[in-house]
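**Q** The primary structure of each chain is shown beneath.
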Amino acid sequence: MEPSDEELCRRVAERDADAFELMVDRHQARAYRLACSILGNEADARDVSQDAFIRLYQSAGRFDGRSRFSTWFYRILVNLCIDYRRRNRWWRQMAPLARSGGDDPDERAFDPASSEAGPEGEAMLSQSTSRLRRALEKLSPQQRAAVLLQTQEGFTSREIGEVLKCSENTARVHVHRAIAQLRKLLQSE
Amino acid sequence: MASNHPETELIPYLRGELSAAERARVAAHLDGCAQCRESAQASSAILSRLARAVDDVREPEWADYRAELKRKLRAAQAGRSRGRWWADLQLPVFGWPSIAMGAAAVAVLAIAIVMHRGARSPQAPGVDQLELQQELSSADVGLLANYRVVEHLDLLENYDVIEHLDELGPEGRQNNATPS
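Protein chains in written order, with our numbering: chain V, 1 to 189; chain R, 190 to 369.
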């Protein structure tokens, strides 16, 4: 039987290298994808998600088991992402086009495209995703993290509140405002 | 009335997060509010779009990723075991330069405040001021050591004085310090 995350975390706290490796193997893809969605940059996502695992290794003993391991770990990851964006804000303002790609001004307004529509449909889907990512870039870090935790990790509002250290209601407001802002941005393109 | 629209509850409603009573209340509202129905549909479309967008993220080569992580972890551990207590502070990349610049700014501010006080009081300098002046003289702070001379100079007209500032003795400084 596979050990739970909480059990693995306890073993990591005891400096069990195998447990840490298993933990990384289990969470690397989700952590990387979430970081990539928040940061909008693969290289940054790689660095920051690795930093999150290092923090996990160093502070596993502080996990008290009161929340789910994933909530605790994603709090570390999201905080690192938010800090990273804050630190590098000036640089992003100077080079905003370096990451997202798909800046064709003739791109159509957002509408869900089917992946079964052949090459043209795939191209539309790709453009649509690019627009979505650009719109995500314009959200506040908290809003972006909230909506991504919900859609990509399936977190509830309460869990999002735990990650962002805010109330469940505030988490709902973050998600609501993020979606409203995305709708507005995508309609205006 | 806009304030009665359950705006922040629509997404929890769609995701099945609400209690039975909350769900019933939101459902009843949706039955009678076209605006909220439209909003719920649009939100649902964006949520599913966001969920699909994650599939477009290009994943790294995981073996390389883990090897790099191991190297970083070893480096972090080596730093900690060498007693680098500051590693625990987990400062951001630009943290130490920022602290150094902050310290320099505080030092400059402190010097400026002391100088300003000195300029206002013509009496003999106190012990603290003398110590500071000695420190300034020994430090590589250029014109600051001769601040009393410099503050009364016209930079264009007295270029020669500035050029030979280092050769001025205490008398010269005193004479030049007196405003004409």
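I should point out that these hints are in silico values taken from the structure, not numbers from a laboratory.
We put the beta carbon where it would ideally sit given N, CA and C, even for glycine.
Fair warning: there could be bad hints in the mix.
Claimed, not checked - Derived list of chain R stretches under chain V, where covered just means 3 residues or more per stretch with a C-beta under 8 angstroms from a C-beta of chain V:
#1 209-218
#2 249-257
#3 294-301
As the list claims (entries may be wrong) - If you want the ones that stay clear, here's a sample from chain R, every Cβ over 12 angstroms from chain V, calculated:
#4 P201
#5 G205
#6 C222
#7 A240
#8 V246
#9 K261
#10 A264
#11 M290
#12 H305
#13 R306
**Q** Report holds if the minimum CB distance from R/K261 to chain V is greater than 12 angstroms, and violated otherwise.
**A** Its Cβ does come within 12 angstroms of chain V, the nearest being 6 angstroms, so this is violated.
**Q** Would the least Cβ to Cβ distance between R/M290 and chain V come out above 12 angstroms?
**A** Correct as stated: the minimum Cβ-Cβ distance to chain V is 15 angstroms, above 12 angstroms.
**Q** Count the residues of the region 249-257 of chain R whose CB lies closer than 8 angstroms to any CB of chain V, then report whether that count reaches three.
**A** holds (count 5)
**Q** Per the stated criterion, does the least C-beta distance between R/H305 and chain V lie above 12 angstroms, as a non-interface residue requires?
**A** Its Cβ never comes within 12 angstroms of chain V, the nearest being 33 angstroms, so this holds.
**Q** Per the stated criterion, does the least C-beta distance between R/A264 and chain V lie above 12 angstroms, as a non-interface residue requires?
**A** Given that some Cβ of chain V is not farther than 12 angstroms from that of R/A264, nearest at about 9 angstroms, it is violated.
**Q** Beyond 12 angstroms from every Cβ of chain V: is that where the Cβ of R/R306 lies?
**A** holds (37 angstroms)
**Q** Test the statement that R/G205 is away from the interface with chain V: the closest C-beta pair must be farther apart than 12 angstroms.
**A** Given a closest Cβ separation of 9 angstroms, the condition is violated.
**Q** Between the region 294-301 of chain R and chain V, are there enough contacts, at least three residues with CB-CB distance under 8 angstroms, for the coverage claim to hold?
**A** Result for this restraint: violated, n = 0.
**Q** Please confirm whether R/C222 is truly not at the interface, meaning its C-beta sits more than 12 angstroms away from all C-beta atoms of chain V.
**A** Its Cβ never comes within 12 angstroms of chain V, the nearest being 16 angstroms, so this holds.
**Q** A cut-off of 12 angstroms on Cβ-Cβ distance, and R/V246 was said to be off the interface with chain V. Does that hold?
**A** violated (5 angstroms)
**Q** When I compare C-beta atoms, does the region 209-218 of chain R have three or more residues closer than 8 angstroms to chain V?
**A** violated (count 0)
**Q** Are all C-beta atoms of chain V more than 12 angstroms from that of R/P201?
**A** Label violated. Min Cβ-Cβ 6 angstroms, cutoff 12 angstroms.
The structure does not agree with the numbered hints 1, 3, 4, 5, 7, 8, 9 and 10 stated previously, though it agrees with the rest.
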